[in-house]
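Trainee: Please model the complete structure; the sequences and the hints are all you need to start from.
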Amino acid sequence: MTSSERPDVAFAWVFRSKARDLLECIGRDERPVTHQVLDELPPGEGLAHLRSVVVATGSMPPRDERLIALEKWITATVQVRTDLAERRILHGYAVWHHLRRLRRRLGEEHAIRLQDLNVRCHVTAAGNFLD
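Residue numbers (our numbering): 71 to 201.
Honestly, I wouldn't trust all of these hints.
Derived pair list, reagent style EDC-like, types lysine to aspartate or glutamate, alpha-carbon separation capped at 16 Å [stated by the list, open to error]:
| id | residue 1 | residue 2 |
| --- | --- | --- |
| 1 | 142 | 109 |
| 2 | 142 | 100 |
| 3 | 142 | 94 |
| 4 | 142 | 186 |
Calculated from the structure, these hints are not laboratory results.
Mentor: Below you can see the structure in the form of structure tokens.
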């Protein structure tokens, strides 16, 4: 943060209570700061901002946040189903059909909003069909 173009703005953000609490929580953890460590923290705008700053400074590698969010949404959507057979069907359709194809199409690129929305719509429609 000290090497940013406007360190005064970065420090002003750090001194906000939510940001300070977040940084204190990270500081208490003895592990190096990684995407996995940040994923364990409560989600929010402050965490998203901190992650983007850390990635922008090169301290962590970039990753496709939209794809990560889509994977979490699929997991939550599948887990809501009470019928085990329906869970397996929906999981297979979402992960092995849609996510696999999306990852292959993306290659090294990041998912765009429309691709994310398309998968969500198809998985939601499949869930509605199962209902």
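Trainee: Below or equal to 16 Å on CA atoms is what counts here, so check residue 142 against residue 186.
Mentor: Satisfied, since the Cα-Cα distance of roughly 12 Å is no more than 16 Å.
Trainee: Hint check: residue 142 vs residue 100, CA-CA at most 16 Å. Holds or violated?
Mentor: violated (26 Å)
Trainee: Quickly compare the C-alpha distance for residue 142 and residue 109 to 16 Å and report which way the hint goes.
Mentor: holds (11 Å)
Trainee: Assess, step by step, whether the Cα of residue 142 is no farther than 16 Å from the Cα of residue 94, and give holds or violated.
Mentor: Judged against 16 Å, a Cα distance of about 26 Å means the pair is violated.
The structure does not agree with the numbered hints 2 and 3 stated previously, though it agrees with the rest.
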